[in-house]
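K.L.:
So the sequences go chain by chain: A and B.
If you number the first sequence the way the working numbering does, the last residue is 230 and the count never jumps.
If you number the second sequence the way the working numbering does, the last residue is 554 and the count never jumps.
Hints were generated in silico from the structure; no laboratory data involved.
Hints are supplied without guarantee of correctness; some may be wrong.
Here are the simulated PhoX-like pairs of lysine-lysine, each with C-alpha atoms no more than 25 Å apart in a straight line [claimed, not checked]:
hint	chain 1	residue 1	chain 2	residue 2
1	A	Lys99	B	Lys293
2	B	Lys80	A	Lys99
3	B	Lys35	A	Lys99
4	B	Lys519	A	Lys204
5	A	Lys99	B	Lys39
6	B	Lys141	A	Lys72
7	B	Lys519	B	Lys536
8	B	Lys80	A	Lys72
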Amino acid sequence: MNTSDRKGDFPEILASIVHDMKNSLGMILTAVDETVSDCGPRNCPSSRHLSQMQYETKRLNNNLVQLLTLYKMDRAQYVPTITDNPVCEFIEETIIQNKPLLDYRGIDVATDCPEELYWFFDRNLIAGVINNILNNAYRYANNMLRICAREENGYLVISVEDNGAGYPEEMMTIAGQEAGETSFSTGSTGLGIYFASIVAGLHKNRGKSGRIELKNGCSLGGGCFSVYLP
Amino acid sequence: MRNPEHAESGILYNMFVDLSRKKILVIDDFSDFRKALRKMMESYGAKNVDEASNGEAAMEKLEIKSYDIVLCDYNLGDGKKDGQQILEDAKHRGFIKYSCIYIMCTAENTMAMVMGAIEYQPDDYLVKPFSKEMLLNRLEKVMKKKKDFEDIERAIQKKDYMEAITLCDWKLAENPKNRFEYLRLKGDLLLKAAMYDDSIELYNEVIAIRDLPWAQTGLGKAYFYLNNFEKAKEIFQYVVDTNVTYMEAYDWLAKTMDELGALKEAQDVLLNAVDISPKSILRQKAIGEIAYKNEDYDTSEKSFRTVLTLGKNSYLKSPTDFTGLAKTLVEKKAGDEALNVLGAIKSEFKNDNAAALQAAIAEGIVYKKLDRGEESRKALEEAANMYENLAEQTSPDISMELAKAYFTVGETEKGTQMMKDIVRNHHEDDTVIKKVQGVFTDMKLSEEGADIISATRQEIIRINNAGVRLVEEGRLKEAIEYFEKAAAGQPDNKIINANAALSVMLFMQKQGMTEQHMKLAGQYIERIRKVDPAHKKLPQLLQMFRSLAETRPQ
């Protein structure tokens, strides 16, 4: 790692600009959140637009985070920071983050998680994955969302199910590939899934690697995303 | 989420998080972020929110007001003190109490750096941007956690590690959900209490469940303390290879290489580490010292200069940063600048006798190298006077510095005498003895040094054994007198002081407690604590002392 060599390096410049953009976006997001809560969901004529802004800003933010993380993985042999996490608290937190939007769309979120479940994973990376899925649910779910966590054959499985129309065929193909072989060529909607599969693959334990799974149907009849972490 | 559990935690918000009476400090270099955070806190009723835009302003505020919550951005601008340094400085100076919640706000690109911090960890991390609901949720969690760990933390602050370990065991017996947090803490405590075999067992149990860098690093430390440097090296190397941002492992790997005599490799490991995380003063200083030994004066100078820059307004600033640079500069034929650097110690460390002593010692060496013998002699004379006056406040490191200076200027007799004193006071302390041998080797007195060390060690062992025999024969009164003399000759020797304390307390167990004897025993124990708070015999001695204190004086 020699900093002087990197000065004129285009990807490096790109990354630092993305980082700066993310700062601005963070400010916008905070301001929008503030405005939404001042305005109240029902009695403000602009609330539909505000909610749209909130959704798009979050989406942009998620994308930039993913971009930066992927860049870092590409560059500096990114190593996940694995800690022992209370799974229910973790899920609760991702819901808190996305609650205003889901409330606005009238999407009901149910959780199913054994209280005593703890698991080892990189909290920020997995939060990025779940945030992205919840953000998509805002657009694709009908009015119901279910997040559940369980232990299954030495893996932690976190699933997000909705009652929307389900995942299109080409996305299911991306998810089905091995993490290392995944190619990213299906446009912006695929980024989240691509990112999720890479992140899952970075989680390794005793020769096992993490993976993701996309299905349609499940308990709510719509899309069903699962991440498996060893 | 509309299940009953959430309704319950809704009540908990009100129970735990009442911000109206909390004193809150927000530290961020962007005023917009500060305002946003202030608004978030105010929306939950906070009335007392202060702001700071950089480390200096933050330290001023932290010094005069005792905050309940500190929200601090990690990256406060290039070349500026970062959030981790503020935390370390403030904790070290006692500005932040245990009850204070310190939350670090980071961008994800600095997350790993924050998590890899060595000594002081913040209570929690939040990745920007976050919503106010999220912030409140975290505050609530941290408050609960602080309450859970309160007792253990209190014991740790009293340096009562045995008590803290017992409390950890109680918690672990309840099989808590956050079992690994308690295991990690207990592992640390076992190392502090020098219970290395127990810590190895604990870390291996953890690793059998999950290969975690903190457990591997802990395991490496245990082997290091057990002088199994080969094994320690293997483990630290593994952590560094598998977790490139786990900075603590680099420092330990370098330390281990140093012990193994692989100074070049140690320097390389540390140079790798500062490439990833350049702001650690101690790491930069370690490079300066190792590069000096490697006669790589360019690297040494560069690192010491970085140390001086980083050390401004830091609690880690030390006179040895300056003496280190000065000694390097002399080797680079920049004698005048070396003397200037030493001159700066006076203004940087006002009214600090130990610093003045360090400066005088280094002046002695620098003048000698500049062939200004008379000034060198004067400086060392001054140093010797200051050393006498400092008496109890000196450390073996300072004593060795002075001894080294004597050797350098050719006063071998005085140097040897000082080295003997150090060995007498630390005859069983392998780290000190190794350093002593290192000084002799540096001074090309390797063989003479080895003889002096072994003869002095044997002399102390003989003195100690004679006293122990008196105790074993039940001649406790004589043993007390004997050890009193021995301890006066070797005031910092842990074993002599421990046996002195033991003989007085055994005497009281037989003859009854007297205040005079209690005072004496207390003094011996205090000396051990001062020299080595984690000394193996300390818990047992304290236990004995406590039960005697509960008996009635005769």
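K.L.:
Would you mind marking each hint as holding or not holding in the structure?
P.N.:
Comparing the hints with the structure gives:
Between the alpha carbons of Lys99/A and Lys293/B the distance comes to roughly 59 Å, so the proposed pair goes past 25 Å and is violated. This hinted pair does not check out: Lys80/B and Lys99/A have alpha carbons roughly 37 Å apart, beyond 25 Å. For the proposed pair Lys35/B and Lys99/A, the alpha carbon gap of about 23 Å is at most 25 Å, so the pair holds. Note on Lys519/B and Lys204/A: the hinted pairing is violated, with a Cα-Cα distance of about 58 Å set against a maximum of 25 Å.
Distance check on the hinted pair: Lys99/A and Lys39/B sit about 19 Å apart at the alpha-carbon level, within 25 Å; holds. Taken as a hint, the Lys141/B and Lys72/A pair is broken in the structure, with Cα atoms around 30 Å apart against an allowance of 25 Å. The hinted pair formed by Lys519/B and Lys536/B meets the criterion: a straight-line CA distance of about 22 Å does not exceed 25 Å. Distance restraint check for Lys80/B and Lys72/A: the Cα-Cα separation of roughly 24 Å lies within the 25 Å cut-off, and the hinted pair is therefore satisfied.
In summary, the structure is inconsistent with hints 1, 2, 4 and 6 from the numbered list given earlier, while agreeing with the others.
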